[in-house]
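Chains as they are written, first to last, in our numbering: chain A, 1 to 169; chain B, 1 to 408.
Check before you lean on any hint, since a few could be wrong.
To be verified - The calculated lysine-lysine pairs, modelled on DSSO-like cross-linking and capped at a C-alpha distance of 30 Å, are:
| no. | chain 1 | residue 1 | chain 2 | residue 2 |
| --- | --- | --- | --- | --- |
| 1 | B | Lys-122 | B | Lys-136 |
| 2 | A | Lys-72 | B | Lys-318 |
| 3 | B | Lys-395 | B | Lys-290 |
| 4 | B | Lys-158 | B | Lys-395 |
| 5 | A | Lys-40 | B | Lys-318 |
| 6 | B | Lys-255 | A | Lys-9 |
| 7 | B | Lys-122 | B | Lys-138 |
| 8 | A | Lys-160 | A | Lys-149 |
| 9 | B | Lys-93 | B | Lys-73 |
| 10 | A | Lys-40 | B | Lys-255 |
| 11 | B | Lys-290 | B | Lys-158 |
| 12 | B | Lys-93 | B | Lys-122 |
| 13 | A | Lys-40 | B | Lys-93 |
| 14 | A | Lys-72 | B | Lys-255 |
| 15 | B | Lys-163 | B | Lys-73 |
| 16 | A | Lys-40 | B | Lys-163 |
| 17 | B | Lys-255 | A | Lys-24 |
| 18 | A | Lys-24 | B | Lys-93 |
| 19 | A | Lys-9 | B | Lys-73 |
| 20 | A | Lys-38 | A | Lys-9 |
| 21 | B | Lys-255 | A | Lys-38 |
| 22 | A | Lys-9 | A | Lys-24 |
| 23 | B | Lys-93 | A | Lys-38 |
| 24 | A | Lys-24 | B | Lys-318 |
| 25 | A | Lys-38 | B | Lys-318 |
| 26 | A | Lys-149 | A | Lys-72 |
| 27 | A | Lys-9 | A | Lys-72 |
| 28 | B | Lys-395 | B | Lys-383 |
| 29 | A | Lys-72 | A | Lys-38 |
| 30 | B | Lys-138 | B | Lys-73 |
| 31 | B | Lys-122 | A | Lys-72 |
| 32 | A | Lys-72 | B | Lys-93 |
| 33 | B | Lys-136 | A | Lys-72 |
| 34 | B | Lys-138 | A | Lys-40 |
| 35 | A | Lys-72 | B | Lys-138 |
| 36 | A | Lys-24 | A | Lys-40 |
| 37 | B | Lys-73 | B | Lys-122 |
| 38 | A | Lys-9 | B | Lys-93 |
| 39 | B | Lys-318 | B | Lys-383 |
I should point out that these hints are in silico values taken from the structure, not numbers from a laboratory.
Please read all numbers here as calculations on a predicted model, not as lab measurements.
In case you want the letters, here they are:
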Amino acid sequence: MASADDQLKNWFFYLQSMQSAAAKINASTPTDLSAFAKAKVTSLLPSQPQQDQFIQLVENATGLFISADDLKNATTFSSLVTSLYIAQYTCLLRVFKFVVGDTTTPEPQFELLLVTNVFNPTTYSALVDHLQSDIPAACLTQTQLNNLKTLMSSPTANVKQAVQAVSLN
Amino acid sequence: MKIATMVFLAALASFSSVAAAQQQYQDLSPTLKTVKLFPSLIPVQVVQINFAQYERTNAWLNTYHPPFVATDKSHYQLTDETTSKPLRIDSIKCPTDFTGHPNCDVTYLFLDAVVQDGDDLKLIVNGPNGESEIGKLKSSGLQAFNLSITPQAVPSEKLTTGKTSDVGQVSASITDPYLFRSVHFARTYLSSTDLISTNERDSKSAIAATLGLERNTSASWYIPVHFESSMQGNQATTNLSFLFVGGFQTIFPWKNPTLFYNPVIQASISPVFVFNVQYERRVRQDSTSKTNVPNVNDMEVAPSLSWTNITLLPGLLKRFAPGIELDLQGWYLPFERNGKNSNASLFQGYGDVSLLIPLNPFQRFPIVSFLTSNPSGARVRIKYSDGANAANGFKHSHQVTYGIEIVK
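So that you can see chain B by itself, here it is in the shape it has in the complex (with noise of 0.2 Å):
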């Protein structure tokens, strides 16, 4: 009698320890994100517990004085109740307080794994007279290896020889963001974009494919540099070529720039500076190419800046200042002379300028309810631009356009 009633009450206990734990399974809500790591822009997965949204008086951890800080590996442990398999934790880190000491009531727990979207996963955390807790999270919008392969037919397909065929396609697509994981100093990635014809001589047959290597070179600024590495081609590889491209990019420190932000001119942000230097070995070009581009190695040097948020007499004209936007963009290209454009400029530019005009103050006007039935959310762009047209072979053009856009 005695021993059954003891078998009872334990049994109650574990059953009342079951009900505390999923009373608090709320309580324990883990995210799951991607983060970059600073130098070197890897992306990690990690799980970040907020501790603090504990209800203080109901949780263990908070019955250890000096409180219970699970820091430790052995004080978790992650499953992936999709496939099952138990997830390795590569650290554990913690943010600092006003103080600068550690603050473990968020804590990460960076994963030497993969997760993919969709994943359920299950979180345990252990105290140290074997306390636990748990927490469910799913993960979404992780960025991680991407392969889509979609077929199609497709009847008179212009071919190569400039006949017609009815042809088979599939185009493929992969992307893998993080490459080599081994590799930790900076973020290798991979892209390829290809489209196989049934019949090589599709006109619209390619293979595309970019290996790359990212990574941050100041501290204290976000100054990221990049090197890639590309083939492209036909499917038949008449046409092939390496291109080899380095280059980075920058925002500049905007805290107090007076000459950019005062009453007359509001530049609120920096422009955004890009630099890159391009480098083309054509292997095999077919006689269409060779027309069209002679040159067997290209070169660019191509430095642009683009400048957005800009506002003009924010001073006198208040909300309905019109704003500014610009694009500058130039090209220093030492082989163009070689080809059959023996006199071209081997520097070449782009500029555009756009003036939005706000629609708010003129919305009692019938023409702009008439356009638009938004108006204090839109504005009217008139935009004017000059210069070559990299896509078009370099050649120049001006044109102003115009429009309304809606702004969210």
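Next comes chain A alone, as it looks inside the complex (with noise of 0.2 Å):
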């Protein structure tokens, strides 16, 4: 499997290459890539020949091939990327756990774990520059990162509410 770092990288480029599909498709299209990735798939790829185009398109650029019941079952462009491929919070958890260097907890027993237990100053740091190297500037915004810093310092908060502070949803 791939890295944690590389999941994570691979999340927003089938996010990014989703956007840019269906920028070619409808003008309405968010450039934003975070209110993309809550757009509604069915508002911006309303009936059958923009849904065609799109999957041809994705296929062309990606290699995932979407089925038209992905298409509508997905309420979002983040959930298709996670029916597609995975969640973007086991991908941002994975990077957590990386950096801290664990390598045995089971990811149901360390999403439990109080951050101030995990993390040090110096993992952290580390942490913060995976994010920036692996998320898009406009979905890893200067407010999510002071969230995660008063996270950080909290006694009571786990590394569940860290990871849902950087995560898109």
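These two chains come separately, so use the hints to put the complex back together.
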């Protein structure tokens, strides 16, 4: 499998490819990637010709095979990437785990650990570097980073809350 | 004693292995779906395996360095548990990652088999050292061969002789979206809708079959062309026609259409353009048909355009801006003057325009809450149409209609 960082980069690569495809079909496609992630699939691709065109463009760009049902069942483009690849939350959680060098704790348990028990100033700084390298600037705002910083010093915050602070949803 | 201990340990190891496989059972969650291949547009059944969803620390797939990637057919065993038959895998593909290299975190197994809706499948992924991972999936929503037969009894059915009679009818429908599987350059399809009666003079009896071929014409844009051959008639074949249809449809690239996307008018998507040419040869006609359509040969060239999602004055009215929808249809009928309409126009046209007024700004008016309980999702449609009606001998009419519709 790809590394945690590569999985997160792939996640945004697929989302950006979808945004690029949708922009060729619908002029009101959000130029902001985080807004596009939350856009409704059927709003930007209302009928079959637009949906078939989108499927072809995304397949050409990424090799992802999208079915008509995938488009019908996905509420947002973020959830479409999740159904075709993996949830962004999981990618982020794995980066958090990788940065602290934890290879043994299962993910469901890791996300419940208190951040103060997992991260120290050095690993926190490394985490921010990884996130800034993996996530396009439009999808990692200074506000999110400030929230993350606040959570990192909170004695009650767990890893799940920290991951959600930098997640798109 | 020593042997007994070894047997016990071996059994325990075997049990642990089964338990481990069962523990990871939920992790391997393959899905079965039907995707279109481009440019042939052939529908193919694909098993999608999201290895990326694995918990990295648990899966044996991640114990290999470099990571074990199951990209060979021998790594997979797929069985239809409903029929207990193994399913052949035609090819294996992975998407590309952000660097352009294969990303087998997602793996697609292209099936050389037809799975029916509702079938239970079992997938086993085999590792290089005898490890295995099991996943189960249930097929649903697959486009496949469809046959339906509905018998019914109809009292006093009208006959072509003008009399009535009690008859039995069988309504049959066959659809195969991918008919010839040996044809790979295009999708071939078949559809048939028939109504067979116990009385061949039953006025409702009908046979209709269409054989078609469809393929995309561009590697970068969706412009599917289709060619169809159809047969239409009644049960006694006193009316029988052959139709040949060819055409294409497309949308236009719509990235920065400044002319149609500005504060005055915003058309967020391209119109859908459809072009069809149809030739009809009437091989047999009864007297009624000869009176209505005297031409033995008929031909029509029919372009049409449908345009939705147009907003007027969005810069000024914001979310209260009204919408516009357009439909335009044209016909060129080269044989029309050969028949009873010697003065008929060779060219016919039809158009309609709808003005869509959102009810959201008016929801405080009692009449609006009386008409609909959900004004924020409702709109008034005022539609004006003018032109020829192809279903009614190209008779011309114009009308205004209006109504309230709920948008979900």
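Status of each hint after checking the structure:
A C-alpha spacing of about 5 Å is found between Lys-122(B) and Lys-136(B), which places the hinted pair at or below 30 Å, so the restraint holds. A threshold of 30 Å between alpha carbons decides the hint, and for Lys-72(A) with Lys-318(B) the separation of about 28 Å falls inside it, so the pair holds. Proposed proximity of Lys-395(B) and Lys-290(B) is supported: the alpha carbons are some 18 Å apart, at most 30 Å. With a CA separation close to 27 Å, the supplied pair Lys-158(B) and Lys-395(B) stays within the 30 Å bound.
For a cut-off of 30 Å, the pair hint linking Lys-40(A) to Lys-318(B) stands: about 19 Å separates their Cα positions. With a C-alpha separation of about 26 Å, the suggested pairing of Lys-255(B) with Lys-9(A) holds against the 30 Å cut-off. About 9 Å separates the Cα atoms of Lys-122(B) and Lys-138(B), which keeps this hinted pair within 30 Å; it holds. For the given pair, Lys-160(A) sits about 14 Å from Lys-149(A) by alpha-carbon distance, which is consistent with the 30 Å threshold.
Of the pairs offered as hints, the one joining Lys-93(B) and Lys-73(B) holds, with about 11 Å between alpha carbons and a cut-off of 30 Å not exceeded. Restraint check for Lys-40(A) and Lys-255(B): satisfied, since their Cα atoms lie roughly 18 Å apart, inside the 30 Å limit. A hinted pair counts as satisfied when its Cα atoms are at most 30 Å apart, and Lys-290(B) with Lys-158(B) qualifies at roughly 20 Å. Restraint check for Lys-93(B) and Lys-122(B): the C-alpha separation of about 20 Å stays at or below 30 Å, so the hint holds.
In summary, the hint linking Lys-40(A) to Lys-93(B) is supported, as the alpha carbons are separated by about 28 Å, within the 30 Å threshold. The suggested pairing of Lys-72(A) with Lys-255(B) holds, with an alpha-carbon distance near 23 Å, which does not exceed 30 Å. A hinted pair counts as satisfied when its Cα atoms are at most 30 Å apart, and Lys-163(B) with Lys-73(B) does not qualify at roughly 65 Å. Of the supplied pair hints, the one linking Lys-40(A) and Lys-163(B) is violated, its CA atoms being roughly 57 Å apart against a limit of 30 Å.
With a C-alpha separation of about 4 Å, the suggested pair Lys-255(B) and Lys-24(A) falls inside the 30 Å cut-off, and the hint holds. Under the criterion of a C-alpha separation no larger than 30 Å, the hint pairing Lys-24(A) with Lys-93(B) is consistent with the structure, at around 26 Å. Note on Lys-9(A) and Lys-73(B): the hinted pairing holds, with a Cα-Cα distance of about 28 Å set against a maximum of 30 Å. Restraint check for Lys-38(A) and Lys-9(A): satisfied, since their Cα atoms lie roughly 18 Å apart, inside the 30 Å limit.
Pair hint Lys-255(B) plus Lys-38(A) holds up; C-alpha atoms about 20 Å apart against a cutoff of 30 Å. Annotation: proposed proximity of Lys-9(A) to Lys-24(A) holds, straight-line Cα distance about 23 Å (limit 30 Å). A C-alpha spacing of about 29 Å is found between Lys-93(B) and Lys-38(A), which places the hinted pair at or below 30 Å, so the restraint holds. As the CA atoms of Lys-24(A) and Lys-318(B) are separated by approximately 24 Å, the hinted pair is consistent with the 30 Å bound.
Of the pairs offered as hints, the one joining Lys-38(A) and Lys-318(B) holds, with about 20 Å between alpha carbons and a cut-off of 30 Å not exceeded. The suggested pairing of Lys-149(A) with Lys-72(A) is violated, with an alpha-carbon distance near 38 Å, which exceeds 30 Å. As the CA atoms of Lys-9(A) and Lys-72(A) are separated by approximately 26 Å, the hinted pair is consistent with the 30 Å bound. The straight-line distance between the Cα atoms of Lys-395(B) and Lys-383(B) is roughly 19 Å, inside the 30 Å bound, and the hint therefore holds.
For the hint linking Lys-72(A) to Lys-38(A), the alpha-carbon distance of about 15 Å falls within 30 Å, and the restraint holds. With a C-alpha separation of about 21 Å, the suggested pairing of Lys-138(B) with Lys-73(B) holds against the 30 Å cut-off. At most 30 Å may separate the alpha-carbon atoms for a hinted pair to count; Lys-122(B) and Lys-72(A) meet this at roughly 25 Å. As the CA atoms of Lys-72(A) and Lys-93(B) are separated by approximately 23 Å, the hinted pair is consistent with the 30 Å bound.
Between Lys-136(B) and Lys-72(A) the alpha-carbon distance is near 23 Å, which keeps this suggested pair within the 30 Å criterion. Restraint check for Lys-138(B) and Lys-40(A): satisfied, since their Cα atoms lie roughly 27 Å apart, inside the 30 Å limit. With a C-alpha separation of about 18 Å, the suggested pairing of Lys-72(A) with Lys-138(B) holds against the 30 Å cut-off. Distance check on the hinted pair: Lys-24(A) and Lys-40(A) sit about 16 Å apart at the alpha-carbon level, within 30 Å; holds.
For the given pair, Lys-73(B) sits about 15 Å from Lys-122(B) by alpha-carbon distance, which is consistent with the 30 Å threshold. Distance hint between Lys-9(A) and Lys-93(B) is fulfilled; the C-alpha atoms sit about 20 Å from each other, no more than 30 Å. Proposed proximity of Lys-318(B) and Lys-383(B) is supported: the alpha carbons are some 23 Å apart, at most 30 Å.
The structure fails to meet hints 15, 16 and 26 from the earlier list, while all remaining hints are met.
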